[in-house]
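Chains A, B and C, in that order, are what the protein sequence lines are.
Under the working numbering, the first residue of the first sequence is numbered 1, with each subsequent residue one higher.
Under the working numbering, the first residue of the second sequence is numbered 1001, with each subsequent residue one higher.
Under the working numbering, the first residue of the third sequence is numbered 2001, with each subsequent residue one higher.
There may be inaccurate statements among the hints.
Incomplete in silico selection of chain C near chain B, CB under 10 Å [said to hold, decoys possible]:
id	residue
1	ALA2023
2	PRO2045
3	HIS2064
If you're looking for bench data, these hints aren't it; they were derived computationally from the structure.
Cβ coordinates follow ideal geometry from the N, Cα and C atoms, glycine included.
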Amino acid sequence: MSQSFDIIIVGAGIVGAACAAECAAAGLKTLTLDRGMVGGGTTAAGMGHIVVMDDSEAQFALTEYSRRLWLQLRDQLSAEVEYELCGTLWVAADDEEMAEARRKEKYYTERKARVEMLDSEGVRRAEPNLRPGLAGGLRVVDDGVIYPPCAARFLMDQARRHGAEFRAGTVVRALLPDGGVELADGSRIGAARSVNATGPWSPELMPGLPVRKRKGHLVITERYPEFVHHQIVELGYLKSAHSVSKDSVAFNIQPRQTGQMLIGSSRQFDAEGAEVDHEILNRMLARAIEYLPALGKLSATRVWTGHRAATPDKLPLIGPSLDHNRIWLASGHEGLGITTSLGTGRLLADLLLGRDTAIPAQPYAPARFANGSVAHG
Amino acid sequence: MNETRLRFEVVVVGAGPAGLAAACAAAENGCRTALLDDTPWLGGQIWRGQQAHPTHPQAARWVERFRRSKASLLDQCTVLGPGDQRTLLAERPDGPRQIEWERLILATGGRELFLPFPGWTLPGNFGPGGLQSLAKHGWPVAGKRIVLAGSGPLLLAVGSGLRKMGANIVSINEQAPLSRLISFATELLRWPDKLAQAARLKWTVRGTPFRCGVWPVAVEGGEQVRAVALSDGSRRWTEECDLLACGFGLAPNVELPLALGCQLDGGFVRVDPCQASSVAGVYAAGELTGIGGADAALVEGEIAGLAASGREGAARPLMARRAAWRRFGAALAAAFALREEVARLAAAETVVCRCEDVRFDRMKSFAGWRDAKLQTRCGMGSCQGRVCGAAAKVLFGWGMESVRPPVLPARVESLCPVRRDKVS
Amino acid sequence: MADQIQLRVNGKTVSVTAGTVVAAAVALAGLTRFRRSVRGEARGPLCGMGICMECRVTINGQTHARSCQTVCEEAMEVRTDE
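The shape of chain A in the complex, shown without the other chains (with noise of 0.2 Å):
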C-alpha cells in the first residue's frame, strides 16, 4: 500500500474540494481524488446560487449556516467565482402561492433571515420584465449567485495551501474498509478514512446507497445584463422539488455577473442519459416565457443537463457510512450542493476531529437510512 493519509477525499466537486479545504486547515493529511478535474461534474452543470431553503428545520439550518460561511469567505474569493448578491425573488402567481410566500416570511423572519414582502406591483418595480398580474412575491436579501467550476477551484487552491494533494484523472475503484482507496489501476493508497464525496455516482462505490440520479435541464443565454436583476424562482418549484415520481418543470432564472442568464429548471428520475429531452425542454422554456414574455426574443447559446444527487429525504448524507465507520459520506445535495457546500465541509471536519458542530449534525447522518428507516416520498 503506497504512502498514507488521514483522509482520502474521492470527488472533487465543490462539496469535496469543500471538505478537502476544511480538512486540511483542520491539520489532516488530505489527498483528493477525481476521475476529471476540479468542478467538472454536476457542479459544472449546475446553477450556482447560494440559497436558503425551508423544505424542513435541518435544511434551513444548513443552507443558512452555510449561506453565511460564503458570506464571511467573500472577500476572500477571487475575481473568477464572481458571487453576487443578487437575492432571491420568490414569485407567487395566484392567491395560493401568496399565502406560501407569507407563510416564507414568517419563517425566515423568525429564523432571523432578512426577507422583504412585495405585493404585484412591487414585484413588477423589481422586476419589470416580469409579466403583469403576478400576486406578488418574496425576496430573500443575502441570496446571492456564483460561478461554480471557479468556486471549486478557489477551495481547492484553499485545501493545496494547507499542504493538501489533489490528484485529478485518477479513478477509484473501491472504498476500502480499513479507510484507504483501491484505484482501477489496482493499485492501493492508505487512508485513516474516506470520504464519498462523488454525488450523484455516490452508489457506484457504495451499492444500496439511497441516493438517485435527478435530471436537470438548463439553458443560457447571450449576455443582457438589466434583463433581470434577482434570482427569479416560481413558488410552484417546491411543488416540483417535492415531487418524486413525475418528470417535472418550475420557473427559475438567475443572472450571472456576466450579464447572461440561466434557465430552468427540470426534474426528472430515471433519466440516465445525458441526451437533452426536447419535450422537458419545451415545457421548461415554455413556463419561462410564461413568467418572462420577453425571454422568448433573446439569444440562447447552449442547452445541457446534469445530474443532481437525491437522497429520500432531500437532505444530504454526511458522516459515517452505515456499515463502515472508516468510510464516510459527503454526497446527496440534490439541488443545494453549492450553496451547502461549506456547511459540508465545516461539518465534516468537525465531525472527524470530534469537534463541536455549529449546528446539529445529526439530521444528515448516513445512519438514519438504516434498514427499516429509509424514507421513499
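Mind docking chains B and C on chain A? Use the hints.
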C-alpha cells in the same frame, strides 16, 4: 399539423454546391424535398453573390436547375439541432420550425480556420472568403489596400476577385513553402482545368507580389488594421494596408453532424460509398467529408441525393469522378499543410477566445479543452467555440468534446416550439 | 439600374444598393467598430459567414443580430457598439 411543423421525405441542409446538387437529384427522382440554408442566398460560401452578379456559369446552371426542380426552399432557416425522432428544430425570422425528415442530407460546408497572432482581433482583419463574401454584398473595397495572408487556394482566388472589384492588392503571402507549391502545380497537370484556372488567377494579379513561405506575425493599428508584419522565418518586414484577409485553410462545419451522432474520421464526417453517415438515414456531402472544393461537393451531393431517393445504381457511375476530386482534395491538403511556425504566433497576451477575451497565457495553463472551458469560459461564448476551438486544436492539440445544442445561437422561443395554453 | 435603399446607422442615413448586407452598410457609414469585446476591445466582422459572431449589431431594436447575414431593408435602424 400546423405550418410550423413541416414534413419532407428528403431534407438537405446547406445550399452550397453539395446541397444544391443533392436537392436537385432527390427532387428530380420524385422525392418531396426541402433545401434549407441559414442565409437569404443560394450557393453557400463559394458561390456567394452569384445571384446578384452571376460570374460563374456553373453556379448559375445549378441555381436554375434547382429552381426548376420541385424542391422547396427554406431560406433564412437556421437549423438548431435534432428535435425528437427524425425531426430538426429550426428557426426562421418569423419563428420556430420543426422539420420532419425521412432521409437527411447534411451539406453544411466549411469555414475558415483562424489562428491567433498579435493584433488579429483588430477590426479590418477578415478571413479571405469572408472578405470576398462581404465585398460581394456591398462592403467597400475599391481603392483599399489589402494584404492577403495565411494559406490555401482561396488567397489567390480572393486576391483576384478583390482586384476585379477595384481593390489595391498589396501582396499575397502563402505560408506553405515554395517547394510544396511547385510540386502541387506539377500535380495539377492531372486536373488541367484547375491548372488553367490557377494560371488565369495568377495572371489577374500579376504585378502583385505572390510569396511562399511567408506568414503574418502581427497586425498593427490602434482601433483598426493599419499594417501587417510578415516573416519568412529570418526576415521580418511591415506592409501598410487598410484591410487584411487572413485565413489558414478550411475546416468542416461538423457541429450538426455531431449533434446527430454521426461518427467522424480525422475530423470529417465518415461516409460510405453512397455518402451515408454512421447514422441511419443521414447522409453527408461536400466539405463535411473532406475539403475538396465545389467540384467534389457537386458530385458528392448528387450521389447523396440519388442514394437518398433509393437510386444508388444511378450513383455508381459518378463514383469515379468523385474519387478523382477526392484525390485533388488530398493533394490540396498536402500542399497547403500548416507549418509549425503558424501554430506558435500567439504572444502571452494575444486573445485566443474572442468571444470571452481569454488570453493565450491563461488558456495554455490548463491541461485540456474542458478544463480551460469551465475555468475561463473559452469556447462557451457566442461562436460556441467555432473560432477558438479550431485554433486550440492547432495550438495545443486539444480535441473538442461533444457538441451541445443549439448548434447555432437560437431565440429562446425557438427551443420551445410547442406552446400550450397557459394552465392557471 | 440597381434600387437604392435608405437606412440609418447610429442615426446617420446611409444609402445602399439593394442586396447590400447590414455589415457593409456599417462600413459605408465609415464605422469600423461594430461591437466591444468583453474587455472593451473594438471588434468588427471576421468570418463574413455568420459563425464568428463579431459583426453583431442591434437591428430595429433586436440585439445580437449578425449583420453579415442580414440584408438591408428600407428604414432599418442599425446601432453599433451596444
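So, going through the hints one by one against the coordinates:
Evaluation of the ALA2023(C) hint against chain B yields a held restraint, the C-beta minimum of about 6 Å falling below 10 Å. At about 6 Å, the closest approach between the beta carbon of PRO2045(C) and any beta carbon in chain B falls short of 10 Å, and the interface hint on this residue holds. Proximity of HIS2064(C) to chain B holds as hinted, the smallest CB-CB distance being about 7 Å (cut-off 10 Å).
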